[in-house]
Amino acid sequence: MISLKNLGKRYGDRLAVDDLTLELKPGTVTGFLGPNGAGKSTTMRLILGLDRPTSGTALIGGLPYHRIGNPLRTVGALLDARAVHPGRSGRAHLTALARSNGIPQRRVGEVLETVGMAAAARKRAGTLSLGMSQRLGIAAALLGDPAVLMFDEPVNGLDPDGVRWVRGLMRSLAAEGRTVFVSSHLMSEMQLTADHLVVIGKGRLIMDAPLADVLAGSSLTAVLVRSPHAGDLADRLRAAGIRVDRLGENEIEATGASIERVGDLAHEAGIRLHELRTREASLEQAYQELTSGSVEYGANA
Amino acid sequence: MRALGRTIGSEWAKLWSVRSTWWCLACALVLNVLASVTLGGAAATEAMRAGAAGTRVVASSPVVSASSFVQFALVALAMLAITSEYTSGGIRVTLQATPVRGMVLAAKALAVGPVMFAAGVLTGAVATAAVHLVLSVDAFGGFVVLPFGEVLSDLVGMGVFYALVSVMTVGVGAAARSAAGTLTVVFMLLMGVPLMVLMTGSPALVEASLRMPMFAGLAFMGSADNLTGGPMPYSAGEGLAWLLAWAAVAVAAGHVVLRRRDA
Ligand SMILES: Nc1ncnc2c1ncn2[C@@H]1O[C@H](COP(=O)(O)OP(=O)(O)OP(=O)(O)O)[C@@H](O)[C@H]1O
Ligand SMILES: [Mg+2]
Numbered sequence: 001m002i003s004l005k006n007l008g009k010r011y012g013d014r015l016a017v018d019d020l021t022l023e024l025k026p027g028t029v030t031g032f033l034g035p036n037g038a039g040k041s042t043t044m045r046l047i048l049g050l051d052r053p054t055s056g057t058a059l060i061g062g063l064p065y066h067r068i069g070n071p072l073r074t075v076g077a078l079l080d081a082r083a084v085h086p087g088r089s090g091r092a093h094l095t096a097l098a099r100s101n102g103i104p105q106r107r108v109g110e111v112l113e114t115v116g117m118a119a120a121a122r123k124r125a126g127t128l129s130l131g132m133s134q135r136l137g138i139a140a141a142l143l144g145d146p147a148v149l150m151f152d153e154p155v156n157g158l159d160p161d162g163v164r165w166v167r168g169l170m171r172s173l174a175a176e177g178r179t180v181f182v183s184s185h186l187m188s189e190m191q192l193t194a195d196h197l198v199v200i201g202k203g204r205l206i207m208d209a210p211l212a213d214v215l216a217g218s219s220l221t222a223v224l225v226r227s228p229h230a231g232d233l234a235d236r237l238r239a240a241g242i243r244v245d246r247l248g249e250n251e252i253e254a255t256g257a258s259i260e261r262v263g264d265l266a267h268e269a270g271i272r273l274h275e276l277r278t279r280e281a282s283l284e285q286a287y288q289e290l291t292s293g294s295v296e297y298g299a300n301a
Numbered sequence: 302m303r304a305l306g307r308t309i310g311s312e313w314a315k316l317w318s319v320r321s322t323w324w325c326l327a328c329a330l331v332l333n334v335l336a337s338v339t340l341g342g343a344a345a346t347e348a349m350r351a352g353a354a355g356t357r358v359v360a361s362s363p364v365v366s367a368s369s370f371v372q373f374a375l376v377a378l379a380m381l382a383i384t385s386e387y388t389s390g391g392i393r394v395t396l397q398a399t400p401v402r403g404m405v406l407a408a409k410a411l412a413v414g415p416v417m418f419a420a421g422v423l424t425g426a427v428a429t430a431a432v433h434l435v436l437s438v439d440a441f442g443g444f445v446v447l448p449f450g451e452v453l454s455d456l457v458g459m460g461v462f463y464a465l466v467s468v469m470t471v472g473v474g475a476a477a478r479s480a481a482g483t484l485t486v487v488f489m490l491l492m493g494v495p496l497m498v499l500m501t502g503s504p505a506l507v508e509a510s511l512r513m514p515m516f517a518g519l520a521f522m523g524s525a526d527n528l529t530g531g532p533m534p535y536s537a538g539e540g541l542a543w544l545l546a547w548a549a550v551a552v553a554a555g556h557v558v559l560r561r562r563d564a
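Listed in order, the protein sequences are those of chains H and W.
Letter 272 of the first sequence, counting from 1, is numbered 272 in our numbering, and no numbers are missing.
In short: position in the second sequence from 1, add 301, done, that's our numbering.
Hints in this document: simulated from the structure, not taken from any laboratory.
All C-beta atoms, glycine included, are put in the ideal place defined by N, C-alpha and C.
A hint or two may mislead.
Which chain W residues face chain H? A few, computed with CB under 7 Å, are given here [to be verified]:
1. L396
2. L411
3. G493
4. L496
5. G531
6. P532
DEER-style ranges, computed between Cβ atoms [claimed, not checked]:
7. L63/H to M302/W: 19 to 27 Å
8. T114/H to V550/W: 43 to 51 Å
9. G390/W to L247/H: 50 to 58 Å
10. L63/H to L545/W: 51 to 59 Å
11. T127/H to P534/W: 19 to 27 Å
12. R303/W to A209/H: 41 to 49 Å
13. R303/W to E110/H: 20 to 28 Å
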């Protein structure tokens with residue numbers, strides 16, 4: 001539904017987005033990850049036609065954003081929750097947006113209800129807490145009942161209930177067949193929310209793969225084996241080119257091979273096993289490995 | 302056309318959902334009454350001193366002169382319609398809803414313009430009534446008159462003047478983006494530059510500066526008594542043409558910036 005082709009954006013002498021080619025599919029939540037300054041927000045602005053790309057194209061359903069008629073009915077996006085006139089009420093903000101795209105007025109009440117803001121709808125936006133602003137921003141994204149949704153760090157400022165609610169919302173939007181593109185720095189949350197991951201660093205694509213593949217590909221994903229003949233098994237596995245670490249007398253850890261392969265090799269060698277299981281890396285660990293080379297704004301330990 | 306209508310509706314809703322709009326209109330009303338009555342008093346006193354037979358003060362005439370001050374309250378309103386979007390970052394939301402940038406600018410101008418027209422006519426009518434009321438007091442010599450045709454044409458003229466100055470301000474706002482920048486540019490165009498030029502006294506420069514928006518407006522409204530000390534040396538029609546030209550140039554400049562720059 002969203003397709004980026006060789007997308008690039010330069011600000012002065014700084015390449016914020018560098019030759020990004022991507023396809024985002026309907027029915028999935030695609031998590032958008034990358035260190036601070038990696039170019040996530042810029043990519044989203046390029047997709048929305050807010051910034052002009054220096055090179056390449058960003059198409060939504062085959063059209064550049066400005067060619068979509070009544071775009072809020074096709075694409076809903078939350079970029080910056082605070083980007084509302086501080087003196088305008090949430091309801092008035094949504095009403096003005098609805099009018100601009102011919103969205104029926106009743107949708108305003110509906111989305112306010114959905115995000116749990118009905119009671120605060122008449123408060124001026126400048127008086128809302130960050131979490132409430134975030135909810136208003138999500139309401140605005142949902143307003144046109146769009147097939148494509150983009151959220152830039154939507155859980156920023158939300159309480160634990162709110163975080164869980166957003167997770168459920170993203171999942172259900174994707175389950176309805178929509179394209180959901182969401183950036184976040186909360187890896188544990190992403191691991192629970194996303195089906196697919198796009199990781200960028202310094203504007204360049206690092207990874208574009210299903211969540212399961214990213215986790216499986218991490219060197220920290222390992223097969224744990226307990227066996228009375230752990231030493232023999234370790235030799236066999238090493239001979240087959242698998243990295244093995246000895247954890248204890250009877251316990252070893254094999255990385256870079258599937259659980260099936262390790263089990264088969266043990267069987268061929270006639271080695272008895274008392275335990276065979278995988279220990280999956282967390283997304284946090286996998287992410288750190290992927291981006292260790294492209295963190296620009298890291299603090300010195 | 303349909304899309305433009307919707308965008309205007311959206312801008313209209315935005316305009317009336319913030320307090321600053323109401324504040325600016327209230328300011329314009331108060332300022333208009335106070336300035337007009339003051340200028341009217343001065344005109345009546347002058348008429349008494351001259352004492353010539355047939356001297357009269359049209360009640361709406363000091364209101365026209367007061368436009369040089371009242372315009373700034375309305376400029377503030379027009380300015381906020383666009384610069385507040387840059388202050389809050391709301392422009393990105395606006396452009397998500399209406400990605401054709403010229404349409405956003407057109408919709409803002411078309412929402413603000415008519416409001417300014419109405420504000421000019423209505424606050425002008427109140428100020429005219431106030432001038433008439435005050436100058437009817439015996440102490441002012443009873444020179445004040447309320448000829449329907451003249452008053453009506455003054456009121457409509459002011460409405461048009463305020464509408465066009467506001468459209469110009471929207472254009473400058475789109476080009477400058479910040480409130481401070483917009484206010485500076487609009488103030489210099491309306492008052493700063495022409496007054497500086499008047500002080501230099503160079504005839505060619507003065508002649509040119511009389512074509513700047515405020516004086517063009519005074520010419521268009523047929524003002525006889527204003528900061529230059531007399532009627533404009535050209536016709537009302539030419540005044541309107543200059544006013545339209547200034548508004549058009551400002552909107553064109555705003556459009557170029559809005560289209561070219563990242564939001
Ligand atoms: N309008 C702009 N002008 C100049 N440079 C910009 C502009 N917007 C972004 N940049 C630069 O582009 C790079 C990418 O910024 P971007 O905001 O897209 O990163 P991000 O991945 O969203 O980061 P974060 O996780 O901190 O939100 C940064 O180096 C930033 O300084
Ligand atoms: Mg960002």
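Evaluation of the provided hints:
Satisfaction of the interface hint for L396/W is found here, the shortest Cβ-Cβ separation to chain H being roughly 6 Å, below the 7 Å cut-off. At its closest, the beta carbon of L411/W sits 14 Å from a beta carbon of chain H; the interface hint therefore is violated under the 7 Å criterion. Using the Cβ-Cβ criterion of 7 Å, the hint placing G493/W at the interface with chain H is not satisfied: the shortest such distance is roughly 29 Å. With a cut of 7 Å, the hint placing L496/W at the interface with chain H is violated, because the nearest CB-to-CB distance is about 34 Å.
A cut of 7 Å between beta carbons decides the hint on G531/W: the least distance to chain H is about 43 Å, and the hint is violated. Taken as an interface hint, P532/W does not check out: its beta carbon lies about 43 Å from the nearest beta carbon of chain H, beyond 7 Å. Roughly 21 Å separates the CB atoms of L63/H and M302/W, a value that falls within the hinted 19 to 27 Å. Between T114/H and V550/W the C-beta distance comes to about 46 Å, which sits within the given range of 43 to 51 Å.
Here the CB-CB span from G390/W to L247/H is close to 52 Å, well matched to the stated 50 to 58 Å. The hinted window of 51 to 59 Å between L63/H and L545/W is violated, with their beta carbons roughly 37 Å apart. Taken as a hint, the range 19 to 27 Å is violated for the pair T127/H and P534/W, whose Cβ atoms sit roughly 54 Å apart. A beta carbon spacing of about 43 Å between R303/W and A209/H agrees with the range 41 to 49 Å that was offered as a hint.
At roughly 24 Å, the beta-carbon separation of R303/W and E110/H lies within the given 20 to 28 Å, and the hint holds.
Hints 2, 3, 4, 5, 6, 10 and 11, counting from the list given before, are not met by this structure.
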